[in-house]
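*Asks:* Got chain Z sorted already, so can you dock chains D and G onto it with the hints?
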Amino acid sequence: MATTVETTFRERLTRQPGPATKWLGVLLVLVALQFGAVMQTIMSTVPWGTIGGALPATAPWAALAGVGDALADLPTLLARDVIPNQGYQVPGEGWQGTFMGLSPAAAWGIRVSLVYLYSFGFVGWLGYGYLVFRRHYRAADWTPYDDMLGRLDGHRWGQFGLVVVLMFIVMALFAPTLGPTTVQSNIAEPFSHELQYFDENAGEVTTILVGEANLQSVSKGGGGRNVGPMQYDRYDRFHPFGTLPSGKDLFTFMVAGARVSLFIGLLYISLAAGLAVVLALVTAYYKGLADLTVVIAGDSVQALPQLLVLILLSFVLSDTWIAGIYNGGLLLALIFAITGWPYLWRAVRGPALQVSNEEWIDAAKSFGQRPVTTMRKHMLPYVVGYLLIYASLSLGGAIIGVAGLSFLGLGVNPPTPEWGRAVSAGQPYVATASWHISLIPGIMVVIIVTAFNALGDGIRDAVDPQSEAGSNEVAAGGGGA
Amino acid sequence: MSAEAPLLAVENLRTEFYTDKETVRAVDDVNFRIERGETLGIVGESGSGKSVTARSIMGLVESPGNVLPESSIRLDGEELTEKSESEYRGIRGSEVTMVFQDPLTSLNPVYTVGNQLKETLRLHRDLDGQTLTDTAIGLLEDVGIPDAARRISEYPHEFSGGMQQRAVIALALACDPELLICDEPTTALDVTIQAQILELLAEIQVERDIGIMFITHDMGVIAEVADRVAVMYAGEIVESAPVRSLYSDPAHPYTNGLLDSIPGNQPGGRELTTIEGEVPIPNGAATHCRFAPRCPKAFEECYELAPEPLPTTAGKDDHTAACLLFPEDMKREDAVDEHRAANTEGTDE
Amino acid sequence: MFGDDVDEGDVLVSLCDLKTYYGEDSLLSDDPVKAVDGVSFDIHKGETLGLVGESGCGKTTLGRTLIQLEDATAGEVRIGDTDVTTLTGDDLQRWRRNSQMVFQDPESSLNDRMTVGAIIREPLDVHDWKTPRERRARVRELLDTVGLSEEHYYRYPHQFSGGQRQRVGIARALALEPEFVVLDEPVSALDVSVQAQILNLLNRLQDEFGLTYLFIAHDLSVVRHICDRVAVMYLGNVMELGPTERLFQQPQNPYTHALLSAIPEPDPTADSDRITLTGSPPSPRDPPAGCPFATRCPMKIRPPEYDSVDTEVWARVEMLREVLRERSNADRSLTERAREILGLSSRFSSADEVHDELFADVTLPAAVEDHIEEAMDHVRNDNETRARAQLREAFGSVCDEERPKSHVVDDESGTSRCHRHRDEHDEPSRSQVVSE
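Protein chains in written order, with the working numbering: chain Z, 5 to 485; chain D, 35 to 383; chain G, 437 to 872.
Same shape as in the complex, but just chain Z (with noise of 0.2 Å):
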């Protein structure tokens, strides 16, 4: 009996390496069907010059950087070159340019299949591995997370959350692999890229700028002035959305806005989670005078009316070199943090404040733990589980949030991609046959930020099995716009 008890998690696995050896295999295939990828990110962010510069220029480490730029231009799986989508229609002969000669909607089809394909065997292989390490290499056979993940397990709704919120990172993560043509070329720079087609008045292969294409297909509602969605235009360019006002993809659009909302959600709820969840504890570890001064400060934040504050300030930074840091995503970020916190921190004093009541905070202290592991063990594993409840909820908040700011005209400067632009663009025209420009990002926003609550309604669930459902204010609260 002793013996099971001594084992070291080396020792389990060197007793029992088969179903380690199959997950790792598994990671084996995806990796090297990404590799050139993974080569390119490590030749490009490394800086290989200066450590190079360091050592002598010697032949082996010359040759060592060869090798690794041939591998990073080596085809990855999920490349636009790989399975390209933008060609021409030559009567007679097909396609020409496209993935094996497949219609640009087809072509464009398989690769966003194959995205998330590959992405959902990713997450798969994450959660087969914790299944794997559980069952073989866990020195405990019970803990409390298995209860937890036990309950996720029967939520559909919960469920359905975190496959939509999945979805979603997917494609801001592969934005650039999904659009049926790119930022760059289509919607940032659109005069400095050319585009060939099949001009049927010529009779030949004619090149054009991207920028003079646009003009041709823009979706001003109807009268011929309209690319709607699964359709594509007169260069024969898929547009799986349709397009905007101005001629531009809208998909391109939506899943670079996508990026943009994700990092500005993820930027603002770290910033502010991990704020408010540093002064949940201290405060709720310490009470007293610190708990009532963060208490004040936070009251005094959420009086402020955040819509307008948020206003204000992004049109007063707007000029300064704050605003042009990711065209204006960082400061967005900041003020939403700025002003968000209390809403996250006011969540997740209670169950700090009340786990600093339990006896086993006592013991701790009675043996002389410091306090900041106190805090770190013995209290933030109780807090964290309603941290991600409430950041989920107001993630969806946050969306909506820059949304309407990019509604409005503020917040993330054009022309970076933003939902809320394109909602904004399409108002004009959504009694038209182009209703597509403000419906399409507008459900989308809604799916979104529905699927964060859910996720979020899952956690509490899980976490907390005795909470009553259905409350959303930080959603409500968060959403400001």
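Check the hints yourself; a few may be wrong.
Said to hold, decoys possible - In the DSSO-like style, the derived pairs of lysine-lysine whose C-alpha atoms are separated by at most 30 Å in a straight line are:
#: 1; chain 1: D; residue 1: K350; chain 2: D; residue 2: K331
#: 2; chain 1: G; residue 1: K455; chain 2: Z; residue 2: K369
#: 3; chain 1: G; residue 1: K455; chain 2: G; residue 2: K841
#: 4; chain 1: G; residue 1: K841; chain 2: G; residue 2: K481
#: 5; chain 1: D; residue 1: K365; chain 2: D; residue 2: K331
#: 6; chain 1: D; residue 1: K350; chain 2: D; residue 2: K365
#: 7; chain 1: G; residue 1: K566; chain 2: G; residue 2: K455
#: 8; chain 1: G; residue 1: K566; chain 2: Z; residue 2: K381
#: 9; chain 1: Z; residue 1: K369; chain 2: Z; residue 2: K381
#: 10; chain 1: G; residue 1: K481; chain 2: G; residue 2: K455
#: 11; chain 1: G; residue 1: K481; chain 2: Z; residue 2: K369
#: 12; chain 1: G; residue 1: K841; chain 2: Z; residue 2: K369
#: 13; chain 1: Z; residue 1: K381; chain 2: Z; residue 2: K291
#: 14; chain 1: D; residue 1: K152; chain 2: D; residue 2: K117
#: 15; chain 1: Z; residue 1: K291; chain 2: G; residue 2: K455
Source of the hints: derived by calculation from the structure; they are not laboratory data.
Values in this document were obtained by computation on a predicted structure and should not be read as measured data.
*Replies:* Chains D and G alone, transformed into the frame defined by chain Z:
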């Protein structure tokens, strides 16, 4: 109803709770009676089913729990298990009332004590105006709350723990119940306050001639308040006897163990007698004696046969024990046969 | 560190006029809660000192002050040459190894997101005890010591029963090999049969490791079983302290007497000569000026001129004083004040009812009646303070005015705080008990 019917007769009471994994039979085939003016003490450790028994009588067993259909609870000869929820509500407030361990769960913190008393009186006794106020003050005085005329307009949190429990008892007495169920009413109180409450309950019983079912885990309290005692273990009554007989002549090994593990009972010796192990969770019908794994006197048959409550000695019908060692004046094999016979009889029913 | 040079039976911990008040620094409340109000006693090495009393008497606060979970307001906790209440920083940290606490609620004292092994190991980690491998071995040894088994190392508290969880709490307290352990109601949340197992374990551990216990409890039968000496607390004061058997058989202090007589005997044939105390303890924010127990004491000294008054009548008079005291402490709600201002009613309108309730069925001697009538007039004139002062002047005694000193009451230097130990009064144990 008929004069011979006891105030409360509980027969074959079985209450089950359903969880995802299993069915827990919290109360399994419990039988007892309470006469007017009598106090039945129910004693047992946590998980023995004593509180569930009380809740079953009060009709307070909620989903996922269920009182099984063969159970019978008769109050004044009237079957309670067949009552609808709304009929039960009428009985609960007026004929049977309950006092819980924590007085604050029975008192609403946002209303004054007087307000809550008056509300109950208005509902069940149809009083109003000055009579209502006077009756309420009178009730508080009856339960020994000094300065009742002023305290009637105070909120529960302004009362001390003992006074709160007195107020709860006043609420319970408001409708002249015939049966008062007390579920560990003094466990949360200090000994000096406990003494006050026990004295009060004894006075009330003499004055009003009501039946009291008194649930506790404290053998000392039981000795003081009860006329008869039922000892519960894992959902079953393992021994039932008049209080003196139980303490002078405890039969069941579990009762013996309980009495022996009271620290003050064995002065001198440093080592206390203990019952090793833990109370099991009863799931499903008993197939053997549930105490056998912890019993110092267990023998082979204990693991094969579920004992029935039989007289400890032949003819001594008021002292029963569910243990194969009894009746003690029989040879062991005969006693076991006796239990087996009683067992089959029970199944045939 | 401490106590190495202390022999079995010598003084290990010495409290001197220890006071712990709550809420002094709070901005909102005026009166602090005097949880511990001037306590002095010694704890000898190797003994178990019981600390009993009703809830709110300050026994838990005293225990927490001893291991520096609360800051003392005044006084000393002396161990050897050091006053523990003045320790800070590293000195305090080093000192903490030597005194540990076992908590009351096994549900709340173990962090249920940690394995049992990690919980017991934590004190060792904090004090950097040897190597991690040796710590793990120590934890397994401790699990075995408290009657659990080694394979419980990676279990979580959820998987244990109350008794087993309390064993884990004990193992954690023992991890650093302390000399002094504060046991804060360690068995009161457990069933009787499990309680007995834990008490046996505590006894065994004391013998094995030479531990000194401060055993805080409200269950007197447990205290009688496990303690060598017992201190009885009431309202922040130690009323009586003495060897267990003497204290249980011949209680010297009226409060101890009443407390002991309130324990229900597990024997239906026992004839109870119970002294039922009236009322509940006063608020520790506003303790009585004289003896803390004066408001409920059945043996309170009377002014000599009323010695002949019937005990029943006297009890009613004391009751009236108690009612008035409670009234002056009660908050007046806004609606009540509004009603008073509007002249609709006042809480004093019920004063006559109280008078009737108390004195309707007894005949008061003329001397007593005069004073009461005078006091009632003050009450009717809305001046309760005057009424109280008047009654105190008329019927008060040394018990109302002066805090009793500790008197030595037995051969083993047991002490009791009561004015009746003074030569001019009858001893409380011999004097007639006033009971209804």
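*Asks:* Does each hint fit the structure? Answer for all of them.
*Replies:* Hints versus structure:
1. D/K350 to D/K331: 23 Å, holds
2. G/K455 to Z/K369: 21 Å, holds
3. G/K455 to G/K841: 16 Å, holds
4. G/K841 to G/K481: Between G/K841 and G/K481 the Cα gap is close to 26 Å, so the pair holds against 30 Å.
5. D/K365 to D/K331: 15 Å, holds
6. D/K350 to D/K365: 17 Å, holds
7. G/K566 to G/K455: Judged against 30 Å, a Cα distance of about 38 Å means the pair is violated.
8. G/K566 to Z/K381: 22 Å, holds
9. Z/K369 to Z/K381: At roughly 12 Å apart (the allowed maximum being 30 Å), Z/K381 and Z/K369 satisfy the hint.
10. G/K481 to G/K455: Status holds; Cα separation ~23 Å.
11. G/K481 to Z/K369: 24 Å, holds
12. G/K841 to Z/K369: Distance ~36 Å between G/K841 and Z/K369 Cα, so the pair is violated.
13. Z/K381 to Z/K291: With Cα atoms ~18 Å apart, Z/K381 and Z/K291 stay inside 30 Å; holds.
14. D/K152 to D/K117: Holds, at roughly 27 Å.
15. Z/K291 to G/K455: 22 Å, holds
Checked against the numbered hints above, the structure violates hints 7 and 12; every other hint is satisfied.
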